Amino acid sequence: MEFTRRETLAIGAGAAALAVLPIRGMASVDEEIADFTGGAEVVEGGVTLTAPEIAENGNTVPISFDAPGAVAVRIIATGNPSPKVATVNFGPLAGNQSCALRIRLARTQDVLAIAKMADGSFKSAKVAVKVTIGGCGG
Amino acid sequence: MTRTRGTQTLAALAAACVLGAAAQAGEVDHPELVINGETRITVEAPAPDHLKDRLDTIYSGWVFRSKETQALEMDDFDNPAMVFVDKAWEVWNTPDGSEGKSCADCHGAVEESMKGVRAVYPKWNETAGEVRTLAQMVNECRTERMGADAWKYAGGQMAAIKALIGLQSRGMPVNVAIDGPARATWEKGRELYYTRTGQLELSCASWHEQNYDRMIRADHLSQGQINGFPVYRLKNAKLNTAHARFKGCVRDTRAETYKPGSPEFVTLELYVASRGNGLSVETPSVRN
Amino acid sequence: MASAVKPRVKVPKSAAAGDVITIKTLISHKMESGLRKDKQGNPIPRQIINRFTCDFNGQNVIDITLEPAISTNPYIQFSAKVPEAGEFVFKWFDDDGSVYEERKTIAVA
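Taken in sequence, the protein lines are chains V, E and P. Using full-length UniProt numbering, read the first sequence as starting at 1 and increasing by one per residue. Using full-length UniProt numbering, read the second sequence as starting at 1 and increasing by one per residue. Using full-length UniProt numbering, read the third sequence as starting at 1 and increasing by one per residue.
Derived from the structure by calculation, the hints contain no laboratory data. Treat each hint with caution, since some may be false.
The list that follows gives simulated cross-link-like pairs (lysine-lysine, DSS-like), each with its CA atoms no further than 27 Å apart [claimed, not checked]:
no., chain 1, residue 1, chain 2, residue 2
1, E, Lys-87, E, Lys-101
2, E, Lys-87, P, Lys-30
3, P, Lys-91, E, Lys-87
4, P, Lys-37, E, Lys-152
5, P, Lys-91, E, Lys-247
6, E, Lys-247, P, Lys-39
7, E, Lys-87, E, Lys-188
8, E, Lys-87, P, Lys-24
9, P, Lys-30, V, Lys-130
10, P, Lys-10, E, Lys-67
11, V, Lys-123, P, Lys-24
12, V, Lys-126, P, Lys-24
13, P, Lys-39, E, Lys-259
14, E, Lys-152, V, Lys-126
15, E, Lys-87, P, Lys-6
16, E, Lys-115, P, Lys-10
17, E, Lys-152, P, Lys-91
18, E, Lys-115, P, Lys-30
Given the structure is predicted, the values throughout are model-derived calculations rather than measurements.
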C-alpha cells in the first residue's frame, strides 16, 4: 500500500490528534494490555524486544522478540492510532518463543512486547523507536 | 577531492550542510555487502574517468542506509523485492498477446539470455538509431513481436520484469558505453543533471554530488546512483524504477517534471548510469 | 486481490530429528489498513491478512493474529522443532475469506 507524502503527513497528524482524543472503537493502550492480561500484573524483564533505534521509514520497521517460556506474546505500538500489532501464539512444535515481523509505526513511540508465560504470569519489554518521515530513497 | 558547494543553495539545504558532517573521498564508513553469503557487491569504487574532476569515489546508495535497511538486501529471502521477481519469472514463461509468445519463446532461459544485459543499458541501438533503455526494449518486444499491449513505462509489471532481468547481472560491474554514437545522448543527460530546476532551483548535482553523505533533515543523502534499480522502497512497499525516481526528484525541486520514458529521462538515465560505472549491479535493491 | 497474492516460504530441505529450524515467510499483500482515504475522500475499506498459521504433521507450530499495523507484504520469521520427517502447512487468512496455502516437506537425515 502506497502513501503519498501528503497522506503520510495526514496520517501523522491524525495519529497526533488521536493521542489526545481517543476515538470510539479504537481501544487504548491500557485496554489492549488488559484485554491480553485480564488485568494481571505485568513484570518488566524476561523478554527481549529488538527494534531499530531510528526507523528510516515508519511504513516498514523490522522488529523481533524472544520470550523464553512464553505461550503467547502481544505486540503493541503505543503511538499508533490503533495500538494492536499482532498476537503470536506458540504451539507445541514451536522451536523457541521468538518471532520477527515488519510493522507500521505512525510516529516516534514505544513498542511493547507482553508475554504470557506458561504459569499464567506476564512479562514485558519496551523499546523506543524514533520514526522519520519519508526520506528520498535511492 | 573537488567539492564545490553550490552558491545558490537554499536555506533548507544549507542548514543540512551545516548540520551534516562533510564527506571526504573514500571516507564514507560502510560494511561490506555480500548477498546470500556468496555474491560480493562492489558498493564503493573509484569514480569513472569522466567524473574524476568532480568525485574521487562513487558509492552505492546502500552504504547510506541504516543497518536494518541494509540487512534486508543481504539475503534474498529477506528482500521483499524478490516476491515481485518471482511473479516476473512466471510472466517470462507465460505467453501473452496475439502471437501467443512468451519472453522465453524467443529468449530462452532468462538466467542465460539476460546475463550481463542490465549492466550495459541504456545502450545505443543501431537499428533504431538512438539510445534505448531496457524498458523500451521490453515494450518493443511486447508490441512488435508478441502482439501485446505496451506496459506502462514505470508501472508494476515493467518494474518486475526489469528486476528479473537485472538480477541476472547482479554482482557484475555497471559498464554503460558513453562514447561513439551514444555520446550526444550522454551529453544531453549530463546537461540535465547539472541544470537547476523548480522553485527551489536545485539540480541533481546540488544533492547528489555536492551534498551526499549529509543529513537533509532525517534523510542521509546518497550519490543518487541507479545501480540498484528497480528498488524496493520501504516507503511505498513496491518496486520503483529509475524514471519514477527521477520524476520524484524533479518534483521535489517543485518543478513540472518530465514523464517516465520521455527522451529527457532516457538521456538522464544513461548519464546517471554512467556515473555508476564500476559499481556492481545490485538489482533489486532495498532502500528507505 | 487473490490473483496478485503470492506466498514465499523458506524451510531447510532436511534436518536432524529434534532439530530447531528457522522458517521465513513472505506473502505479497497490500495490507490495506482501513484508515486511509481515496482521492475522492472516501474511506478505503480494510483488507488485510488477519491470521497466519503454521502446522507440522497436524501439530501447531505458531498461530498469529495480525492487525493493520503489519506492513505491506507481511514477513514472518520463527522457529520450529522437527521431531520427524514430514510436511509443514502454512496458511494466510485474508479478510475477504480467501485462504492462501503453501506446503513444504522436510527430510530427516
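key: Hint check against the structure, violated hint numbers in rising order   = 5, 7, 14, 17 and 18
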